[in-house]
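A.B. asks: In order, the protein sequences belong to chains A and B. First residue of the first sequence: 1, per our numbering; consecutive thereafter. First residue of the second sequence: 1, per our numbering; consecutive thereafter.
Hints are computed from structural coordinates only; laboratory data are not their basis. Predicted, not measured: the structure shown is a model, and the values here were computed from it. Errors might be hidden in some of the hints.
It does not matter which identical chain is meant; a pair holds if it fits inside one copy or across any two.
[To be verified] Lysine-lysine pairs mimicking BS3-like chemistry, simulated, CA-CA at most 30 Å apart: (1) Lys-281 to Lys-205; (2) Lys-16 to Lys-205; (3) Lys-55 to Lys-292; (4) Lys-16 to Lys-180; (5) Lys-281 to Lys-180; (6) Lys-281 to Lys-55; (7) Lys-54 to Lys-292; (8) Lys-281 to Lys-292; (9) Lys-205 to Lys-55; (10) Lys-281 to Lys-16; (11) Lys-55 to Lys-16; (12) Lys-292 to Lys-16; (13) Lys-16 to Lys-54; (14) Lys-54 to Lys-205; (15) Lys-205 to Lys-292.
Protein chains: 2
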Amino acid sequence: MRDIDDGMPGAVDALKALYPRTGRAHVVGVTGAPGTGKSTICDRLIGSFRAEGKKVGVVAVDPSSPYSGGAILGDRIRMQEHATDPGVFIRSMATRGHLGGLSASTGDVVRVMDAMGMDVVIVETVGVGQDEIEVARTAHTTVVVLVPGMGDDVQAIKAGLLEIADCFAVNKSDRDGADKVVRELQVMLDMRPRREGDWEPPVVKTAAIHGEGIGDLRGALDRHAEWAAGSGRSGQVLTDRRKSELGEIMRGMIAKAVERRIEAYPGGIDGLANDVRAAGKDPYTAAEEILKGAMDGLKESGGR
Amino acid sequence: MRDIDDGMPGAVDALKALYPRTGRAHVVGVTGAPGTGKSTICDRLIGSFRAEGKKVGVVAVDPSSPYSGGAILGDRIRMQEHATDPGVFIRSMATRGHLGGLSASTGDVVRVMDAMGMDVVIVETVGVGQDEIEVARTAHTTVVVLVPGMGDDVQAIKAGLLEIADCFAVNKSDRDGADKVVRELQVMLDMRPRREGDWEPPVVKTAAIHGEGIGDLRGALDRHAEWAAGSGRSGQVLTDRRKSELGEIMRGMIAKAVERRIEAYPGGIDGLANDVRAAGKDPYTAAEEILKGAMDGLKESGGR
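One chain only, chain A, in its complex shape (with noise of 0.2 Å):
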């Protein structure tokens, strides 16, 4: 996949080929804060999935160096159980470039993954925040993990992660508070505004690192897809995916077109931040002026 990632020529040839492979596959995000043990539940449920033989893609987002380019984790450590494993395709995505963000070719991959027949793609993101987000966009089924005491931020996230979340997994619920983070929560949602209906995302209490609740959160994520795939439903998810997965492509399209033709100047950035400065000219006229040419580059290969 490496050319993918890298925005290689031809790349958006092959990702259109294999376009009508993609669909099939359950993409469930896995998102929460850092300390909130994501990964062991990604790992659980790796377990859970390969148990009934399904084949299983990961995609790790990982938190990557903004100078070096490159990931500082690699696959994932804890991980690395499931990595000798056939059925199990691990990829971690670094960021890459001045103007991509994370998630420009993560969504390529998840096709790409879809396409090669994996039965279920997770998708585990680090932070809150934009990541979020794109991991709302782009999975099917988005889990939110939270622990207990973690402080009054936690509230406040809670708020905005209300409208992203298809299931709550309040883990480490051995630790004091486990309980009082579920009451919350459910308090929370028997707040929000809702229709008939709609879904009602559930509460489910894990100790990943002891193998407690994987079989309730496995059950949820289940209940979910069905959901998703039901009467009158699917036509509207359809759309959604769809919506997200135009915004996501010409995004990841866009930032490339911008640093060719930022590579292509003199002295690549740094010699445009350089004449910019020399010249006294304000960055919006010259971002202006560098857009121009990029569109231009952009419309000659057609987004290539």
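Here the structure of chain A is known, so what remains is to put chain B in place on it, guided by the hints.
C.D. replies: Relative to the frame of chain A, chain B by itself:
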């Protein structure tokens, strides 16, 4: 600042006009996971700057609902004691649109506050990952906030944060394990490759809720600002800043051009997604078609 955030026509002209008046504020990024108490740290820092009569701008990048398009938190409640102080300007950012991302307009707001004469602009971000990278690029000095007892994930995260942190605050340092976090960070900092004259990120213990360690943190911020302005370095610092600005401004302009194109489509993004689906088109081909149209629009309007 509504027009800038919303990408209203004329905003780019206003930003061009403001630009020569920017570059005087010290832009401080404060970033860390939920539950680390970074809002409290920001609050204490505002107090510390205000005690010296400095004017302070605060840009709080809130997690926001991907569906409602609005901020969940609004201006931070804990910052309200400063909200009536005429020397403090607080602005919460919401994520909007399908293609932008958080940082598209954060930089614009920072530059407006700078041009308005703020001595310090504090940018607070929630989350680990892409957000952090953006902060590191926008801010002159980035403070990464950690707390004791957040589990193994934090170890991994720390490695990524080494690259972007100009200063570490180990907050809630009255809790068990604070010294261990400090030692671990120090070991990691000692191990990383560095050259003579490189900045050595200090590790400061804080208990912001009790106001402890804020003086030390302020000292670290001021020393970093002095270091960055030092002989031989300011040229590179200015070039780096110009690079971040250029990337961020281009991303924002393109996102807006594409969003305008999508809005002009009958039925907007829903209509587009439905048509793509009905036509059995793959989203890569559809994305190329939309982008070509958006590029034409961008060229005609000169990026506005």
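A.B. asks: Hint by hint, which ones does this structure get wrong, listed from lowest number up?
C.D. replies: 1, 2, 3, 4, 5, 7, 15
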